[in-house]
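Enquirer: The primary structure of each chain is shown beneath.
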Amino acid sequence: MMSAVSSLFAVAFAWLIGALLTGLLWPRRGEAALVLSVGAGVGLGVTSLIFFFASLVSANPFPVAFAAELLLSCSLLFLWLRKRRTLPPALVAPAQPARSWLGALVRWTFVAACALALFSTVAAWRVEPYGSWDGWALWNMKARFLYRGGSAGYSQMVQPPLTWTHPDYPLLVPASVARSWAYTGSDSPFATGLVATVFGVATLGLLVAGVHRLRNRLIALTGGLVLLGTPFFVRFSSNEHADIPVGFFMLAATVLLGIARDEGDRGVLFLAGLATGLAAWTKNEGLLFCVVLGLVFSTTQLVTKRWRNLPPLLGGLALALLPVLWFKFALAPPNDIMAGQHADGLAKLADWSRHQIILKAWWRDLPKFGEWYSLPFLVMLLHLLGPVRGWFDRRTVVTGAILLLMLAGYYTVYLLSPYDLAWHLDSSLVRLLMQVWPVAVFLWCLLAVRAGPAAAQTSPAESPAGSPPSGQSA
Amino acid sequence: MPFWRILTLLLVVAVAGINLWRTAGDGLRTLRHPVADPVMAQEQRFAALRRTLLERGISGTAGYFADVPKEKVFAGFATVSEYYQMQYALAPLVLDLNTEHHPWAVANFRTAAAMPPGFKVVQDFGQGVFLLQQAAP
Numbered sequence: 002m003m004s005a006v007s008s009l010f011a012v013a014f015a016w017l018i019g020a021l022l023t024g025l026l027w028p029r030r031g032e033a034a035l036v037l038s039v040g041a042g043v044g045l046g047v048t049s050l051i052f053f054f055a056s057l058v059s060a061n062p063f064p065v066a067f068a069a070e071l072l073l074s075c076s077l078l079f080l081w082l083r084k085r086r087t088l089p090p091a092l093v094a095p096a097q098p099a100r101s102w103l104g105a106l107v108r109w110t111f112v113a114a115c116a117l118a119l120f121s122t123v124a125a126w127r128v129e130p131y132g133s134w135d136g137w138a139l140w141n142m143k144a145r146f147l148y149r150g151g152s153a154g155y156s157q158m159v160q161p162p163l164t165w166t167h168p169d170y171p172l173l174v175p176a177s178v179a180r181s182w183a184y185t186g187s188d189s190p191f192a193t194g195l196v197a198t199v200f201g202v203a204t205l206g207l208l209v210a211g212v213h214r215l216r217n218r219l220i221a222l223t224g225g226l227v228l229l230g231t232p233f234f235v236r237f238s239s240n241e242h243a244d245i246p247v248g249f250f251m252l253a254a255t256v257l258l259g260i261a262r263d264e265g266d267r268g269v270l271f272l273a274g275l276a277t278g279l280a281a282w283t284k285n286e287g288l289l290f291c292v293v294l295g296l297v298f299s300t301t302q303l304v305t306k307r308w309r310n311l312p313p314l315l316g317g318l319a320l321a322l323l324p325v326l327w328f329k330f331a332l333a334p335p336n337d338i339m340a341g342q343h344a345d346g347l348a349k350l351a352d353w354s355r356h357q358i359i360l361k362a363w364w365r366d367l368p369k370f371g372e373w374y375s376l377p378f379l380v381m382l383l384h385l386l387g388p389v390r391g392w393f394d395r396r397t398v399v400t401g402a403i404l405l406l407m408l409a410g411y412y413t414v415y416l417l418s419p420y421d422l423a424w425h426l427d428s429s430l431v432r433l434l435m436q437v438w439p440v441a442v443f444l445w446c447l448l449a450v451r452a453g454p455a456a457a458q459t460s461p462a463e464s465p466a467g468s469p470p471s472g473q474s475a
Numbered sequence: 008m009p010f011w012r013i014l015t016l017l018l019v020v021a022v023a024g025i026n027l028w029r030t031a032g033d034g035l036r037t038l039r040h041p042v043a044d045p046v047m048a049q050e051q052r053f054a055a056l057r058r059t060l061l062e063r064g065i066s067g068t069a070g071y072f073a074d075v076p077k078e079k080v081f082a083g084f085a086t087v088s089e090y091y092q093m094q095y096a097l098a099p100l101v102l103d104l105n106t107e108h109h110p111w112a113v114a115n116f117r118t119a120a121a122m123p124p125g126f127k128v129v130q131d132f133g134q135g136v137f138l139l140q141q142a143a144p
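Sequences listed follow chains H and P, in order. Take the first sequence: its letters are residues 2 to 475, numbered as in the numbering used here. Take the second sequence: its letters are residues 8 to 144, numbered as in the numbering used here.
Hints in this document: simulated from the structure, not taken from any laboratory. It is possible that part of the hints are untrue.
What the hints assert, rightly or not - Cβ pair distances, simulated, as ranges: (1) Ala48(P) / Pro388(H): 40 to 46 Å; (2) Trp165(H) / Gln130(P): 26 to 32 Å; (3) Pro334(H) / Ala55(P): 43 to 49 Å.
To be verified - Derived list of chain H stretches under chain P, where covered just means 3 residues or more per stretch with a C-beta under 8 Å from a C-beta of chain P: (4) 64 to 71; (5) 125 to 134; (6) 142 to 155; (7) 217 to 227; (8) 291 to 302; (9) 394 to 402.
Beta carbons: idealized from backbone N, C-alpha and C, even for Gly.
Start from the sequences, fold in the hints, and give me the full structure.
Expert: As structure tokens, this is what we get:
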């Protein structure tokens, strides 16, 4: 019981730090759902970095990490209290459909869905308290090295006999779990499940709050239902894989780019950069996401000639990415996929049989990666039918470009894979698709409710000159 | 909102509801008919060995013996699972399949495998779990 309380405290403290940091950078008051959702992941990410570096310098990293977290939280609280008095009010909520039976039905279905998802999560905890295969064999294993090994833990983790644990993998999830164990004083399975579940909850909260902010509540809750109605998402949210956390950071960066207005909102852009860097601290796919987001954002700024928006995004990115790059180049052994690249890379790209194998696997896994009992794609597409006018606003284009480039990146990585291609696809493709699924649902929500000039989303005082208001109910 | 969009929205909600309902149903079934978690079972099986390792101050890397030769440990799901589960239970001790370089070794036998030559049994923990030490040459 005590370990459960301590685990809850550890995660809540990380969440508080993240929420304060997010709140400090947030440009308006009254958007608590967004701040809390982004703050959950940011908090766990920042505290995992603190704990990891404390474990490198101290045999008992907990006091060092706790002191640093306490100092950070007090500083953030002080700055946030000073800043919040001067913050402008929240933007006027987007036009909502009138209260109707449809709104009530979706609302109550969403509440029931949350209860069912919670039940499924608790059931998964009971059945696999140590998580599923990757959960214990990769992520929690590394957490044990960090927690039990003290300052020698990391050097033990990268010993040659353990190459099968992929020692180059980033450590956000293991360091978060090890940090929770350090608070608890024992490596209780509850802490591992809790960290995993918080990322699932934060992903759902971020999707709903983000779409609500940019479109309307009805489609936000429907998007949340689509995510909750993905059995693989619900199961993965509790079984301690790192794919849900990296998917959270991808969604966070995408939503934050959507929320940041054309002028100003430097804090939101800084957070988008931070979330992008933390994706790279979660999984190697996050490094690909850094490249994709950097490419998409730079292109949009080039087109719109708004170079002033680049520094805050790059600042946030650098803050999270520099420790990751240091970890990658100074500490971790080379990545197996990169190390396996030889002069035959171009030949692989041109090998049509490899394209065929990959396309077949994508065709096979796309309809089933969510482990659906009833496929949602057709009804989701049917809902989009109608005039395409209003589809291609800045947000849908940016989100769509991020999604497509990520998929193209995954495709290229498979083409260059040094492993047996069929095995590589069988063992990872569904998880990669799950990483980008929240972004895909976000895009669907944006498309389902067209942006249009009639929506007055920003209050007159807030609306930046020359920047068109965006988002409108159907 | 046009009728068509209300209808399709309802369909999206219904499909999501069906999926989640069946996911929860699966959860209920597994709770009613629980299968013992192999990782938890192995944690209990190796608990005494881990305590002894800590008491003796054995750290760093130790050799690992299984029912099959080291070349075949990664060849089968059962053998690789056993190896990974023991590594998980004993971390931060590193278990090396190349046993000859290490003074200490652990054995994880499911069958009556012959003890490896060159090592003596220091302690037998039952259920095929042994702590071994390299015999003096």
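Enquirer: All hints are to be evaluated individually against the structure, with a verdict given for each.
Expert: Structure-based check of all given hints:
Between Ala48(P) and Pro388(H) the CB atoms are about 59 Å apart, so this pair departs from the stated range of 40 to 46 Å. Checked against the given bound of 26 to 32 Å, the beta carbons of Trp165(H) and Gln130(P), roughly 28 Å apart, stay inside it. Checked against the given bound of 43 to 49 Å, the beta carbons of Pro334(H) and Ala55(P), roughly 33 Å apart, lie outside it. For a cut-off of 8 Å, the count of residues in the segment 64 to 71 of chain H with a CB near a CB of chain P stands at 0, and the three-residue condition is violated.
Proximity of the segment 125 to 134 of chain H to chain P, defined as three or more residues with a beta carbon under 8 Å from a beta carbon of that chain, is established by the 6 residues found. Requiring three or more residues with a Cβ within less than 8 Å of a Cβ of chain P, the coverage given for the segment 142 to 155 of chain H holds, as 7 such residues are present. Beta-carbon proximity to chain P at under 8 Å applies to 4 residues in the segment 217 to 227 of chain H; the threshold of 3 is reached and the given coverage holds. Interface restraint, the segment 291 to 302 of chain H with chain P: violated (0 residues with C-beta to C-beta distance below 8 Å; minimum three).
Counting residues of the segment 394 to 402 of chain H whose beta carbon lies closer than 8 Å to any beta carbon of chain P gives 0, which falls below the threshold of three, so the coverage claim is violated.
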